[in-house]
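A.B. asks: For the record, the sequence lines run as chains X and W.
For the first sequence, our numbering assigns the number 254 to the last residue and increments by one with no breaks.
For the second sequence, our numbering assigns the number 1619 to the last residue and increments by one with no breaks.
Quick caveat, the hints were computed from the structure, so don't treat them as lab data.
Every value quoted in this text rests on a predicted model; they were computed, and no experiment measured them.
Be aware that one or more of the hints could be misleading.
From the derived model, a few chain X residues whose C-beta atoms are all more than 10 Å from chain W [claimed, not checked]:
{"#": "1", "residue": "49"}
{"#": "2", "residue": "107"}
{"#": "3", "residue": "118"}
{"#": "4", "residue": "135"}
{"#": "5", "residue": "151"}
{"#": "6", "residue": "157"}
The calculated lysine to aspartate or glutamate pairs, modelled on DMTMM-like cross-linking and capped at a C-alpha distance of 25 Å, are [as the list claims (entries may be wrong)]:
{"#": "7", "chain 1": "X", "residue 1": "253", "chain 2": "W", "residue 2": "1324"}
{"#": "8", "chain 1": "W", "residue 1": "1367", "chain 2": "X", "residue 2": "105"}
{"#": "9", "chain 1": "X", "residue 1": "254", "chain 2": "W", "residue 2": "1344"}
{"#": "10", "chain 1": "X", "residue 1": "253", "chain 2": "X", "residue 2": "51"}
{"#": "11", "chain 1": "X", "residue 1": "253", "chain 2": "W", "residue 2": "1344"}
{"#": "12", "chain 1": "W", "residue 1": "1426", "chain 2": "W", "residue 2": "1409"}
Think of the CB as a built atom: it goes at the ideal place given N, C-alpha and C, for glycine as much as any other residue.
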Amino acid sequence: MPPTPVEDAVERPRHRWIVELLLVVVLVHSVALALWLAPSSPIRDAVGEGRLASYVDPYFQQGRDVVGIGTQQVDESFSVRAYVAPDAGGKGAATEWVDVTRDDNRANRHELAPERAHLIARRLATNLNLAMFNLSEAQRRVVRGLTADDLPSTVRPTLEGAGGRPEAVRFFQAYDQMATQFASLYAEARWGEGGRIVQVQFRVGRRTVPSYADRATTSLDDVAFRDFSFGWRRAFRGSLDARDTFDSYVKK
Amino acid sequence: MMTTLWRGLVGSVQGLRAGIDDWLVGTRHAVRAAAVCRIATGLAVLGLLASNFSTRDMWVGQGSVWAEPARAISSFPELTLLDGVSSDVLALLYVVTMLAALAFVLGWHAKAANVVTFIGFIAVVGQNPVVGSPGDNLVRLTLLWLLLMRASDHWSLDAARRSRRLAAGKEASREEDALPTWLSAGLHNVGLVALGAQTVLAAMAAGLDKVADRSWQQGTALYSTLQLPESRPFPALSDLLADHRVLLALLTYGVLLSQLFFGPLLLNRYTRRLVIVLAVVVNVLLAVVFAQPWSALSTLGVTLLFVSDRTWERVEDVVLGAAQPVTDWTVERGYDVLDGVDVVRYNVVLPVVDWVRFTILRR
Chain X
3 MPPTPVEDAV ERPRHRWIVE LLLVVVLVHS VALALWLAPS SPIRDAVGEG RLASYVDPYF
63 QQGRDVVGIG TQQVDESFSV RAYVAPDAGG KGAATEWVDV TRDDNRANRH ELAPERAHLI
123 ARRLATNLNL AMFNLSEAQR RVVRGLTADD LPSTVRPTLE GAGGRPEAVR FFQAYDQMAT
183 QFASLYAEAR WGEGGRIVQV QFRVGRRTVP SYADRATTSL DDVAFRDFSF GWRRAFRGSL
243 DARDTFDSYV KK
Chain W
1257 MMTTLWRGLV GSVQGLRAGI DDWLVGTRHA VRAAAVCRIA TGLAVLGLLA SNFSTRDMWV
1317 GQGSVWAEPA RAISSFPELT LLDGVSSDVL ALLYVVTMLA ALAFVLGWHA KAANVVTFIG
1377 FIAVVGQNPV VGSPGDNLVR LTLLWLLLMR ASDHWSLDAA RRSRRLAAGK EASREEDALP
1437 TWLSAGLHNV GLVALGAQTV LAAMAAGLDK VADRSWQQGT ALYSTLQLPE SRPFPALSDL
1497 LADHRVLLAL LTYGVLLSQL FFGPLLLNRY TRRLVIVLAV VVNVLLAVVF AQPWSALSTL
1557 GVTLLFVSDR TWERVEDVVL GAAQPVTDWT VERGYDVLDG VDVVRYNVVL PVVDWVRFTI
1617 LRR
């Protein structure tokens, strides 16, 4: 005989609502995630991208690329050079450009599990290129004119005054600072023994993989990088530990 | 009429709720699949940390001081654990996280190991967001949902200890008996739903993103990625795929189909097998061709969550059956070794001890 509703209820735990509530929370979370990941639609627009981002971004940070692999068509490079002043005094000189990404690619060859440290230069190049794309033409002109004497606090109002979005300026300045510090520590490890690193300069290159249709006639090696050189930046010293770490890494 | 309709509606809702309750708090589902997910995710964490161990100071230690602006906008509270710490403290926490990941893989105090691995993983990997991988998010979210689940009911040291204790007539363990059975099962099943939903959504979103692109439709999308220096660790293999039109199309469509149709194909038992096998093959290839072993392994972990427990039982039987001669041989050799040790003890060690006692010590 099937149980009556009363008997049936008695057999189940009294506080099962806790689990039911958790399930509802998970389902609402999944719907929010689905909307976040879905292509643009009236439902997604009704909820609002900002509202979805404020829920997903801080902790869940789920994108459309967490599984598998995507298409990448752009090769990028990050090169560094420094202005070195001799310890004994006298006029300093600029070093040759060093393509850090090329060294990293060489280190990653035949590595099934490449070290993340060898991705740094490539990621800096990608983000600097992205930062430049986000800026307006007028802002890019400002960036081209920046020198080692320009402080970030004075650069920001100048860039914001040149139009464009404030987030784009913040993004550019963050990556400009990161690239400057990375280039400085790299330069110190590479050329520091020859004198004092006074200023550093970095440049990013960008080239697109030839299309599949042209594969018989053109390879990526046939395509030259289109370089963008950022101005000289005042060298960042960093802590002794940071310099030691770069020293052992660069000279490895 | 309205009353009858209302009663029918109420009855249906009550029936639905009862069905959901039975599924939720009755028994734990997919416990073997959860164990596989635990092992794969733990191995992904362990592998990532081990392969970056020698350059950890450069990646996430003092050498990553330049990444501070990227770190500053991160909202993970776990990052404060390694904020500005010395190289020694970093090494200590790094090794603790690796040991926790190993314990998680082995299922040794798996719940505690899950907590430490989760916090340690975010604290370490989050220190340098500039070189983070999308796969890191998958690992982090999987570890998060596994916290709710009982992932060590099978193929774990916890399970072996539980069996021994139960065979001896003792309680399983205080750690596992802390919650009522229904609540433990409920939490496990809710975690399973969340992890499953997240996996399906992530796969389908990736597939939808690709399908609109012409190069994915033409089966040539991966050609350009295969040309990039950082995506071709084994140039000969990359060239083989890029130059061979059919192989390239097979891999491209394999990636696309295993993502776009992942959710719908799970609904039927036969197509489910097909899509899981396809996803496994594709991820193994991606791991090797693009040198992404750890993110591929974590993806495999959540993909295999959809293999039924009955299938895993069959796999277990096959593996144990195949391993039986090996284990028997090992045990027999073990006895041979023990016999050998006894022979040495009686023929060499004890006579020497007796000679020393009677001749030198004169006792």
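A.B. asks: Next, verify each hint and record whether it holds.
C.D. replies: Against the structure, the hints:
The non-interface label for residue 49(X) is consistent with chain W: the shortest C-beta to C-beta separation is roughly 16 Å, beyond 10 Å. Some Cβ of chain W comes within 10 Å of the Cβ of residue 107(X); the nearest lies about 4 Å off, and the non-interface call is violated. The beta carbon of residue 118(X) is not kept farther than 10 Å from every beta carbon of chain W, the shortest such distance being approximately 5 Å. Listed as outside the interface, residue 135(X) is consistent with that label: its C-beta sits roughly 18 Å from the nearest C-beta of chain W, beyond the 10 Å cut-off.
No Cβ of chain W comes within 10 Å of the Cβ of residue 151(X); the nearest lies about 21 Å off, and the non-interface call holds. Even its closest Cβ contact with chain W, about 14 Å, leaves residue 157(X) beyond 10 Å, as expected for a residue assigned away from the interface. As the CA atoms of residue 253(X) and residue 1324(W) are separated by approximately 24 Å, the hinted pair is consistent with the 25 Å bound. Taking the CA atoms of residue 1367(W) and residue 105(X), the gap is about 42 Å. The hint is violated against a cut of 25 Å.
Simply put, residue 254(X) and residue 1344(W) have alpha-carbon atoms about 21 Å apart, close enough for the 25 Å limit, and the pair holds. With a C-alpha separation of about 47 Å, the suggested pairing of residue 253(X) with residue 51(X) is violated against the 25 Å cut-off. In summary, the hint linking residue 253(X) to residue 1344(W) is supported, as the alpha carbons are separated by about 22 Å, within the 25 Å threshold. For the hint pairing residue 1426(W) with residue 1409(W), the CA-to-CA distance comes to about 17 Å; that is within 25 Å, so the pair holds.
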